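Just remember that this note's numbering sits 2 ahead of the position in the sequence shown, which is counted from 1.
Think of the hints as simulated: they come from the structure by calculation, not from any bench. The reader is advised that the hints may include incorrect statements.
Stated by the list, open to error - With a straight-line cut-off of 35 Å between C-alpha atoms, the simulated DSBU-like cross-links for lysine-lysine are: (1) 158 / 99; (2) 38 / 84; (3) 38 / 99; (4) 120 / 38; (5) 158 / 64; (6) 38 / 112; (7) 124 / 158; (8) 158 / 38; (9) 112 / 84; (10) 64 / 124; (11) 158 / 84; (12) 112 / 158; (13) 38 / 64; (14) 124 / 84; (15) 99 / 84; (16) 99 / 112; (17) 84 / 64; (18) 112 / 124; (19) 64 / 120; (20) 99 / 124; (21) 99 / 64; (22) 112 / 64.
Claimed, not checked - Each pair of labels, with its calculated beta carbon distance range: (23) 38 / 80: 21 to 27 Å; (24) 120 / 90: 32 to 38 Å; (25) 118 / 161: 37 to 43 Å; (26) 66 / 233: 24 to 30 Å.
In this text, all values refer to a predicted model and were calculated from it rather than measured experimentally. Ideal Cβ placement from N, Cα and C applies to all residues, glycine included.
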Amino acid sequence: MAPVPPLGTLRIARPTDVLRIGIVAAAGFRYSPLFKWERPHHEDFPDDTLLSYSAQFLSAVKSDDFVVLVQEDAYLPDENDKTSAIIPDNNGWGVPKAGDQVVVGVVSVKLQPGSAHKGRLKDHQGSYPDLPSNPGRDLNRRHYGDWGTLAGDARKRNNLEGDSIVGMLVVHPAYWRQGHGTRLATWPRDLSVLGGIPQCVSSATMSQPLFLSLGYRQVDSITADGDEDDPEGVSTALMEFDGAAPKKV
């Protein structure tokens, strides 16, 4: 059986985490420039934003091709005051008591083709939420669709199609600066080392120092030029870790 890094304080995501993960993703990704590019109507349709992230992570939690890990911390009742995202009260997630352990961060990793870990690191205990169809009114659909094409083209251009991929990594802002993001980013890197498998990630400026510190290097940029909807455009760094054990300093 192929070895995996110890989870430490992380755990494998469960079906019952999906709605909470949607909240964490909306709260944290609100500060990514890609959020503004893809979801310009979030303030008018925040329910659609939550539903979109919940659906994306629901798919990943179910899929044998993904590993989804979460980090927990003590619940802060005022957490939504610490994000500029709009988190509707009627989001389907049962609000816990102050201090109860809740999911505060999440990472999804798409395994490389033929991975020995396919279907292994899963926890299907509990019921998956029955999510309604999403009208996607928060989206700029053209931007949303084009970005996926641009990212895929960049990976192909740099011969990264055999890499594992850190898909989404996010921590709720109320729980920033406590090492949660570092733990969530380190585990996939360590999995890459154990298998000797390169790993790539599309990183916004905010998270690039973290990935650089873990041994990733920038190999390209993924850039969408500005247009009539958003003159600023958006760009992220395509970064790769080569799968070799980090050198000790």
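A quick look at each hint next to the structure:
In summary, the hint linking residue 158 to residue 99 is not supported, as the alpha carbons are separated by about 47 Å, beyond the 35 Å threshold. A distance of roughly 18 Å separates the Cα atoms of residue 38 and residue 84; the hinted pair therefore holds under the 35 Å criterion. Of the pairs offered as hints, the one joining residue 38 and residue 99 holds, with about 32 Å between alpha carbons and a cut-off of 35 Å not exceeded. A hinted pair counts as satisfied when its Cα atoms are at most 35 Å apart, and residue 120 with residue 38 qualifies at roughly 34 Å.
Between residue 158 and residue 64 the CA atoms are separated by roughly 26 Å; this keeps the pair inside 35 Å, and the hint holds. Of the pairs offered as hints, the one joining residue 38 and residue 112 holds, with about 24 Å between alpha carbons and a cut-off of 35 Å not exceeded. A distance of roughly 28 Å separates the Cα atoms of residue 124 and residue 158; the hinted pair therefore holds under the 35 Å criterion. Note on residue 158 and residue 38: the hinted pairing holds, with a Cα-Cα distance of about 26 Å set against a maximum of 35 Å.
For the given pair, residue 112 sits about 30 Å from residue 84 by alpha-carbon distance, which is consistent with the 35 Å threshold. Between the alpha carbons of residue 64 and residue 124 the distance comes to roughly 8 Å, so the proposed pair stays at or under 35 Å and holds. Annotation: proposed proximity of residue 158 to residue 84 is violated, straight-line Cα distance about 38 Å (limit 35 Å). Restraint check for residue 112 and residue 158: satisfied, since their Cα atoms lie roughly 16 Å apart, inside the 35 Å limit.
Between the alpha carbons of residue 38 and residue 64 the distance comes to roughly 28 Å, so the proposed pair stays at or under 35 Å and holds. Between residue 124 and residue 84 the CA atoms are separated by roughly 31 Å; this keeps the pair inside 35 Å, and the hint holds. With a C-alpha separation of about 18 Å, the suggested pair residue 99 and residue 84 falls inside the 35 Å cut-off, and the hint holds. A C-alpha spacing of about 34 Å is found between residue 99 and residue 112, which places the hinted pair at or below 35 Å, so the restraint holds.
With a C-alpha separation of about 30 Å, the suggested pair residue 84 and residue 64 falls inside the 35 Å cut-off, and the hint holds. In summary, the hint linking residue 112 to residue 124 is supported, as the alpha carbons are separated by about 13 Å, within the 35 Å threshold. In summary, the hint linking residue 64 to residue 120 is supported, as the alpha carbons are separated by about 12 Å, within the 35 Å threshold. Using a Cα cut-off of 35 Å, the hinted pair residue 99 and residue 124 holds, with the two alpha carbons roughly 28 Å apart.
Note on residue 99 and residue 64: the hinted pairing holds, with a Cα-Cα distance of about 28 Å set against a maximum of 35 Å. Using a Cα cut-off of 35 Å, the hinted pair residue 112 and residue 64 holds, with the two alpha carbons roughly 12 Å apart. Between residue 38 and residue 80 the beta carbons are some 25 Å apart, a value that agrees with the proposed interval 21 to 27 Å. At about 36 Å, the beta-carbon gap between residue 120 and residue 90 stays in the expected band of 32 to 38 Å.
Between residue 118 and residue 161 the C-beta distance comes to about 22 Å, which lies outside the given range of 37 to 43 Å. Between residue 66 and residue 233 the beta carbons are some 42 Å apart, a value that contradicts the proposed interval 24 to 30 Å.
Hint violations for this structure: numbers 1, 11, 25, 26, all remaining hints satisfied.
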